[in-house]
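The primary structure of each chain is shown beneath.
Protein chains: 2
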Amino acid sequence: MAALRLHFRIQPVIMKIDSVDFFYLSMPAILDIGDGSQDALLVRIGAGGKQGWGECEASPLTSIASYVCPMSHSACKPLKQSVEGMPINGVDDIHRISLAVHENSSDLLQADHTLSGIDIALWDLLGKHLQEPVYKLLGYKKAYPKLPYASQLFGRTPEETFEKARSTRSSGFRAVKFGWGGFGIKSPKEDAAQVLAAREGAGEESLLMIDAGTVWNEDLNSARERLGTLYKSKVYWLEEPFVNGAIRAYNELSATRPAIPLAGGEGCHSFVQAQAMIQYGGLRFIQIDAGRIGGITVAKKVALLAEKNGITYVNHTFTSHLALSASLQPFAGIEKDGLCEYPVESKKLAKDIALVEIARDAQGYVNVPENPGLGIEVNTNALKKYLVDVEISVKGERIYYTPEF
Amino acid sequence: MAALRLHFRIQPVIMKIDSVDFFYLSMPAILDIGDGSQDALLVRIGAGGKQGWGECEASPLTSIASYVCPMSHSACKPLKQSVEGMPINGVDDIHRISLAVHENSSDLLQADHTLSGIDIALWDLLGKHLQEPVYKLLGYKKAYPKLPYASQLFGRTPEETFEKARSTRSSGFRAVKFGWGGFGIKSPKEDAAQVLAAREGAGEESLLMIDAGTVWNEDLNSARERLGTLYKSKVYWLEEPFVNGAIRAYNELSATRPAIPLAGGEGCHSFVQAQAMIQYGGLRFIQIDAGRIGGITVAKKVALLAEKNGITYVNHTFTSHLALSASLQPFAGIEKDGLCEYPVESKKLAKDIALVEIARDAQGYVNVPENPGLGIEVNTNALKKYLVDVEISVKGERIYYTPEF
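Chains as they are written, first to last, in our numbering: chain A, -15 to 389; chain G, -15 to 389.
Watch out, some of these pointers could steer you wrong.
The list treats identical chains as one, so a pair stands whether inside a single copy or across any two.
Claimed, not checked - Dumping the calculated DSS-like pairs for lysine-lysine here, alpha-carbon to alpha-carbon at most 25 Å:
no., residue 1, residue 2
1, K379, K369
2, K64, K379
3, K332, K379
4, K173, K218
5, K335, K379
6, K285, K332
7, K379, K368
8, K120, K218
9, K285, K320
10, K292, K320
11, K379, K292
12, K112, K64
Worth flagging that the hints you see were computed from the coordinates, not collected in a lab. As the structure is a computational prediction, the values presented were derived from the model and not from experiment.
Given these sequences and hints, build the entire structure.
Structure below.
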């Protein structure tokens, strides 16, 4: 019997990834607006009888194709080759898979977006397996509450923006962000009216952020023309004046007076891109979407780099509360990074993904879930009606079809 | 009659894009080696009875998916929405389409790789329409001959590398590049033996370049350990010691002695990425793949920026002579940029794409084709046997199937 027990001890149960399923979900109609919550790509990974869930902030069909496509060469392999059948027993295994995808798919551009959902699902799975919330697996002792900012699109008129801001404040938000909806394209005067309306609606005490959504590409002058307005309205940050990666334009704007703190980085799909924005862009806030940058693994690395560089890390999240939990984990334990983006205008599909949402507490703060993994139960029953039927065949062989929940 | 003539004058013939076809081609077997010529994605665009051809350096299935996928939101649209039905009568129209894709698909990561083939096909089409080679449409008065360097993989042993280098020299090449095949992973001593063998085979007079293929990720020390060897072997440049975009690592290595000129940039899929490499990376050579960065339009912009910054522009091309012609156009008229990467180890598929290859002249130089467009006739008859049958269906509707040549 002793020998038998020893046998069990030296041969621990090895969990291997035995299923990876992609679910493409969509609202019945997709509108031509900047609302990224109109569709979703969920990833479900199974190992050892447990399941983890992740979400890609990405074009669903394109990401599915990157997972199943035939190999092109040694640095352009489908993601499945680096994932399926791999051991998943500890944090090192997730790092190994992340590294393998980066090596094996470095010439497959879509790979980072696809990896994001896979990586998130792996952390969720591992957390459930080890009965720990993800932030603890990441090495954080505790999770600090974050002050949520209500993230929304500008109204069509200043009056509408004023109403949106006022109603957001009445529902208890102390921070609010407006963006898109033509801001930066209209005249500086019209933009000023929108920003002023947002400030009036939000009240003097609220943090107010403005999201230019990369509208000025690399055009410093268009950005500079609006700095006076933003300064007068005490804007807490100006987000994405330029396209992601335009580090010299960011840097030069950051040195322009009146100084408005700059935020950016949501478009980063690799660590080195975020690193360049942090080291050269003159940013005060680095905004990372865990659903784009390669998942929680890469996002955490950016959070630590930001801390080292005295820059505030903020999540980018505009979709579900599954994505919200995933995006909170990487900086959960960094007390000074006290803000979080909080989706308030998501479509019903995005709301239906989590059975229970991450609600604000009595003080208006958001707390990272303490349940194992991401602490989010995916409401598969509610999602069936959004499932998009997809089939991909190559050389007569069906290499993808929509799985069942 | 005068009125009628006037009528014709004020209503010129407008060409519109009336077909866009993607052809996924593949060798019968894809080997797990760093040879990117094992498959190909060709794009054929038709307008006004004329056809243009382009090639994406990309995962074919993933790029096709990005072209036909359903819209996710206003900044994540399939590429076809920015291309099909658009007017294509002059250079401005190509710029407009490029801009539209960047705006409408900025959240679709694969978009830049897909746009590349489309943009190349549009320049080819317009050149044929206007009866001009593409470089003239780009504003260059003449095309300067480029000294080709034979681009190949290291042999499995130093002896094999020596033989490859020797045979390349005997076939008239005065510049040669070796890379991949485990370089940088093996010990510095083994790497030194490979580099030395390459130099001995190539002879003292040849330009010798070494391509590390991003093997050291961001690890400065691994790169520094090899600088002595590279210096002794008079290496003309060290290519991609680090992952694309790791600008601080590039910059720090460029400041290390002995100084080896650094080359990089083939992974750039946007103008601002190349710009950051040029402005901050300490590079001496910026290598752009027109099949990845967004086509000839974006590549030309990089060539001009490189010129302004005193950095040499070189094409990155490892596949067909269609891709080679496309990659030569952006810097055809810049005399000081006198080198070009020249594929010598392409698989038969890549060789079969162009009916006539871009041969070296009696002096060993490569001349940009003077025929209209890219000056390359695609050998569709030879390609039929490589065609990969693909079908993609969404919601029961077939949104892509392999077209006929």
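For each hint, the structure was consulted:
Proximity of K379 to K369 under the C-alpha cut-off of 25 Å is restricted to the inter-copy arrangement: shortest distance 13 Å between copies versus 31 Å within a copy. For the homomeric pair K64 and K379, the shortest alpha-carbon distances inside one copy (18 Å) and between copies (24 Å) are both at most 25 Å. In this assembly of identical chains, the alpha carbons of K332 and K379 lie at most 25 Å apart only when taken from different copies (20 Å versus 38 Å within one copy). Taking the shortest Cα distances, K173 and K218 sit within 25 Å of each other inside one copy (17 Å), while across copies they are farther apart (60 Å).
Proximity of K335 and K379 under a CA criterion of 25 Å is satisfied inter-copy only: 23 Å between copies versus 39 Å inside one chain copy. In this assembly of identical chains, the alpha carbons of K285 and K332 never lie at most 25 Å apart, being 32 Å within a copy and 43 Å across copies at closest. For the identical chains of this complex, K379 and K368 are inter-copy neighbours only, at 14 Å across copies versus 30 Å inside a copy, given an alpha-carbon limit of 25 Å. Taking CA atoms no more than 25 Å apart as the test, K120 paired with K218 passes in neither setting, with 37 Å inside one copy and 51 Å between copies.
Taking the closest pair of Cα atoms, K285 and K320 come within 25 Å of each other only inside a single copy of the chain (16 Å); across copies the shortest separation is 41 Å, beyond that limit. Proximity of K292 to K320 under the C-alpha cut-off of 25 Å is restricted to the intra-copy arrangement: shortest distance 12 Å within a copy versus 42 Å between copies. In this homomeric assembly, K379 and K292 never come within 25 Å of each other (Cα to Cα): the closest approach is 50 Å inside a single copy and 48 Å across copies. Taking identical chains as interchangeable, the C-alpha atoms of K112 and K64 lie at most 25 Å apart only when both belong to the same chain, with a minimum of 22 Å there against 42 Å between chains.
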